[in-house]
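> Can you build the whole structure from these sequences, using the hints too?
Position 264 of the sequence shown, counting from 1, maps to 264 under full-length UniProt numbering, and the rest follow consecutively.
The hints are simulated quantities; they were obtained by calculation from the structure and are not laboratory data. Note that the coordinates shown come from a computational prediction; the quantities given were computed from them, not determined experimentally. Backbone N, C-alpha and C define an ideal beta-carbon position, used for all residues, glycine too. Watch out, some of these pointers could steer you wrong.
Straight-line Cα separation of at most 27 angstroms, DSSO-like style, residue types lysine-lysine; simulated pairs [to be verified]: (1) LYS212 - LYS232; (2) LYS59 - LYS69; (3) LYS153 - LYS69; (4) LYS88 - LYS247; (5) LYS22 - LYS259; (6) LYS169 - LYS212; (7) LYS247 - LYS182; (8) LYS265 - LYS232; (9) LYS22 - LYS203; (10) LYS276 - LYS69; (11) LYS182 - LYS139; (12) LYS55 - LYS139; (13) LYS153 - LYS88; (14) LYS247 - LYS41; (15) LYS207 - LYS247; (16) LYS139 - LYS69; (17) LYS41 - LYS259; (18) LYS164 - LYS211; (19) LYS59 - LYS207; (20) LYS139 - LYS259; (21) LYS55 - LYS88; (22) LYS69 - LYS232; (23) LYS41 - LYS182; (24) LYS55 - LYS164; (25) LYS211 - LYS169; (26) LYS232 - LYS247; (27) LYS41 - LYS59; (28) LYS169 - LYS182; (29) LYS59 - LYS182; (30) LYS153 - LYS203; (31) LYS212 - LYS164; (32) LYS38 - LYS59; (33) LYS139 - LYS232; (34) LYS247 - LYS153.
Computed spacing ranges between beta-carbons, pair by pair [unchecked claim]: (35) GLN227 - THR32: 46 to 54 angstroms; (36) GLU251 - LYS22: 37 to 45 angstroms; (37) SER85 - ASN256: 41 to 49 angstroms; (38) PHE205 - SER15: 38 to 46 angstroms.
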Amino acid sequence: MTRHDFEFSINDAISQNRTTIKDIEDVESWLTTQTYPKLTKEQIVAFLLSCRNDKSWAKNTIAANFALKSNRPDLFTDRTLRNVSIQKILNVVHIGVMPVRLNGSVIVVSQMVDTDYHNFDLIAYTKFILMGMETATLKADPPDGLIAILDSKGYGLMHLTCVKLDLVKWLLQYIQEGMPIKVTAVHIINTNTASEMALNLAKPFIKNEIKKTLHVHSTSHMELFYQNHIPKRYLPSDIGGELEPLKTYREISLRNMDKMEEYFKFEEQQRAAAAK
Numbered sequence: 001m002t003r004h005d006f007e008f009s010i011n012d013a014i015s016q017n018r019t020t021i022k023d024i025e026d027v028e029s030w031l032t033t034q035t036y037p038k039l040t041k042e043q044i045v046a047f048l049l050s051c052r053n054d055k056s057w058a059k060n061t062i063a064a065n066f067a068l069k070s071n072r073p074d075l076f077t078d079r080t081l082r083n084v085s086i087q088k089i090l091n092v093v094h095i096g097v098m099p100v101r102l103n104g105s106v107i108v109v110s111q112m113v114d115t116d117y118h119n120f121d122l123i124a125y126t127k128f129i130l131m132g133m134e135t136a137t138l139k140a141d142p143p144d145g146l147i148a149i150l151d152s153k154g155y156g157l158m159h160l161t162c163v164k165l166d167l168v169k170w171l172l173q174y175i176q177e178g179m180p181i182k183v184t185a186v187h188i189i190n191t192n193t194a195s196e197m198a199l200n201l202a203k204p205f206i207k208n209e210i211k212k213t214l215h216v217h218s219t220s221h222m223e224l225f226y227q228n229h230i231p232k233r234y235l236p237s238d239i240g241g242e243l244e245p246l247k248t249y250r251e252i253s254l255r256n257m258d259k260m261e262e263y264f265k266f267e268e269q270q271r272a273a274a275a276k
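Following this line, the structure appears as structure tokens:
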């Protein structure tokens, strides 16, 4: 992979004082002593930026990233929008990256459009949303963090039968320890009995420092959500915001994900080569 495959330049990150060439080379040198994949400088920068340029934290995140990925090949192979399971989930859940950042964090909104629980595949959804998050991480001017907004409208009690606790536990560990972007906040909006039950299932696997970033908002309290957390100017009209509908940003996000297909293949090859 060559540098032009990325939409950001390491020189930009350095000139913005977000990292230094010495820090990049330090992590690069450390990788030669490990069994992890040989990362490009851009990948190293992505990890450093997600860890506030803390080299020790970045190294631990890299280690967790590849260890956790090796445990879930179903989530990290064939990462393409042409994957059959991904094609199906595209018709069930809409995910879009908002065009305006809040305090340097990119905002990702997820909304259910097909409420039939028979069509909801948690593995495919997890794979899809992780693809979206990684795409947002490697865009031009990488964000300082990520804010996830999960709209639970349409999520019913029968959806709980789709929950796989081993996957939930793995996902929360990946988000907290191994994902190359810091999740600065998670907002679950339009909560109902089913979404609250799902959250209670997940809580034992959420670290205390992450719990502080987790917020739930019922439909009747959405005005407080706008006032205290995310103003309407950052949100799509579907959830009461002032931006275009989510489908507009979904289409842009899908195009960006499609452009990432070669990168996803390359990253998979990196891991395969390191495993030999």
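> Which hints, by number, does the structure contradict?
Violated hints: 3, 5, 8, 9, 14, 15, 21, 22, 24 and 37; rest satisfied.
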